[in-house]
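Peer 1: Respectively, the protein sequence lines represent chains A and L.
Start counting the first sequence at 1; every next residue gets the next number (this note's numbering).
Start counting the second sequence at 115; every next residue gets the next number (this note's numbering).
There's no promise every hint is true.
As a list, the in silico DSS-like pairs of lysine-lysine whose alpha-carbon atoms are at most 25 Å apart [said to hold, decoys possible]:
no., chain 1, residue 1, chain 2, residue 2
1, A, LYS106, L, LYS171
2, L, LYS185, A, LYS106
3, L, LYS185, L, LYS167
4, A, LYS71, A, LYS3
5, L, LYS215, A, LYS3
6, A, LYS106, A, LYS17
7, A, LYS57, L, LYS215
8, L, LYS184, L, LYS171
9, L, LYS117, A, LYS59
10, L, LYS215, A, LYS55
11, L, LYS185, L, LYS132
12, L, LYS184, L, LYS169
13, L, LYS215, A, LYS63
14, L, LYS171, A, LYS3
15, A, LYS63, A, LYS3
16, L, LYS215, A, LYS71
17, A, LYS59, A, LYS106
18, L, LYS167, L, LYS184
19, L, LYS215, A, LYS59
Covered by chain A, per the in silico footprint, the following chain L stretches (three or more residues, Cβ under 8 Å) [to be verified]:
no., segment
20, 128–135
21, 145–155
These are computed hints drawn from the structure, not numbers from a lab.
Virtual Cβ for every residue (Gly too), placed ideally from N, Cα, C.
Next come the chains, spelled out residue by residue.
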Amino acid sequence: SQKIEQNSEALNIQEGKTATLTCNYTNYSPAYLQWYRQDPGRGPVFLLLIRENEKEKRKERLKVTFDTTLKQSLFHITASQPADSATYLCALDVSGGGADGLTFGKGTHLIIQP
Amino acid sequence: DVKVTQSSRYLVKRTGEKVFLECVQDMDHENMFWYRQDPGLGLRLIYFSYDVKMKEKGDIPEGYSVSREKKERFSLILESASTNQTSMYLCASSWGVGNEKLFFGSGTQLSVL
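Isolated chain L, as found in the complex (with noise of 0.2 Å):
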């Protein structure tokens, strides 16, 4: 079964702290996806690749970056976390050209205070 993992459940940052998001998939897909997941706004993408070194903004990028240097990794970066980054972010990976059958992880609920 493919296995895409976050590396933390829960996080808890402060106010303009750095953070670092990482998300490792085990299948070797080319394309990796970042969203963030909120009450009532429904997945929202941040950011997405379909190779390494490469990335594309998605829907809502501001405020966040994100690194993918090695072809299973695909790092999200908060450079000064806000508040209103308080979320579910959940990572995806998917195979080839298109965008069918996402795998997700299973999320990272962090909460800037």
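Chain A extracted, bound-state conformation (with noise of 0.2 Å):
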């Protein structure tokens, strides 16, 4: 079955440094990845998607990388702040383009320290 791994352990970076989150995934070739944040008590909120054909994709102090050789993906924060402090979620798509939802990580809660 699909498998989907991120840090399980919570993640402490310094303020200003960049953060890096990993998702790992077997079983399965997603046509695209998704990265979501979520905030205690709150629903996840989508930050990017990545394609299989994209190596890599930017927003702001955001990054994400796609290899699909490897099934990872690399999600980096840059200049980090206090702010940045949350649980990301990386979610695939498993259905094969159809409408069928994401699978979702369990998620790496970041920690940016000031």
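Take the two lone chains, each set in its own frame, and fit them into one complex as the hints suggest.
Peer 2: Structure (structure tokens):
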């Protein structure tokens, strides 16, 4: 079955440094991969989508890479700020393009320390 | 901005009660989803719908049913609530054929006593 793995431990990063989060998956070849941010007690919020033919995508201080050979995506936050502290979820479409919903990783809790 | 509204932020029910969780979206999205989120288990898909009156089972449909009588509204029904259904329930919607960019509601924290 499809498996998505994210760093299960909390990630502590010093303010101003680059935070790098990892998402690994097995048993599937997704057409795209997504990253979401979730704050405590709130629903996830979409951040970025990267397609299988894209190596890298950027949005402001965020950068996502997608290596379909390694079956891995890396999510980077540069010049990190305490306000970036949240849980970050990666998600795959395992339906092959249908509207069957996304499968989510369990998330990585990121803490940016002042 | 797209808004996905869940009717209750917190809900406390008793074992055996029939529970309705309501979700409304205001962007004419075709697709709507119900997830539950539990510590250590992450988000799991319960049911989804890609059109009015259509519904499909997700990964954990047992003990739940859904209703989609209007495009903007997707209801999750717990036929007979049990304590193991205590969870955060999240509704989401998306546009188009695929699952690109889901918009989530703020969630309903349901406690079944």
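Peer 1: Each of the hints needs a verdict: does it hold here or not?
Peer 2: These are the hints, each one checked on the structure:
1. LYS106(A) - LYS171(L): The given pair, whose Cα atoms are some 21 Å apart, holds under the 25 Å limit.
2. LYS185(L) - LYS106(A): 30 Å, violated
3. LYS185(L) - LYS167(L): Cα-Cα ~9 Å, so holds.
4. LYS71(A) - LYS3(A): 11 Å, holds
5. LYS215(L) - LYS3(A): 20 Å, holds
6. LYS106(A) - LYS17(A): Judged against 25 Å, a Cα distance of about 24 Å means the pair holds.
7. LYS57(A) - LYS215(L): 15 Å, holds
8. LYS184(L) - LYS171(L): Given pair LYS184(L), LYS171(L) holds - Cα atoms ~19 Å apart, limit 25 Å.
9. LYS117(L) - LYS59(A): Holds: LYS117(L) and LYS59(A) sit about 22 Å apart, inside 25 Å.
10. LYS215(L) - LYS55(A): Roughly 19 Å between the alpha carbons, so the hint for LYS215(L) and LYS55(A) holds.
11. LYS185(L) - LYS132(L): OK: LYS185(L) and LYS132(L) at ~23 Å, within 25 Å.
12. LYS184(L) - LYS169(L): Given that 25 Å is the threshold and the Cα spacing comes to 12 Å, the pair holds.
13. LYS215(L) - LYS63(A): 17 Å, holds
14. LYS171(L) - LYS3(A): 19 Å, holds
15. LYS63(A) - LYS3(A): Between LYS63(A) and LYS3(A) the Cα gap is close to 23 Å, so the pair holds against 25 Å.
16. LYS215(L) - LYS71(A): 21 Å, holds
17. LYS59(A) - LYS106(A): 23 Å, holds
18. LYS167(L) - LYS184(L): Holds, at about 8 Å.
19. LYS215(L) - LYS59(A): 15 Å, holds
20. 128–135: violated (count 0)
21. 145–155: Satisfied; 5 residues make the cut.
Comparing the model with each earlier hint shows violations of hints 2, 20; every other hint is respected.
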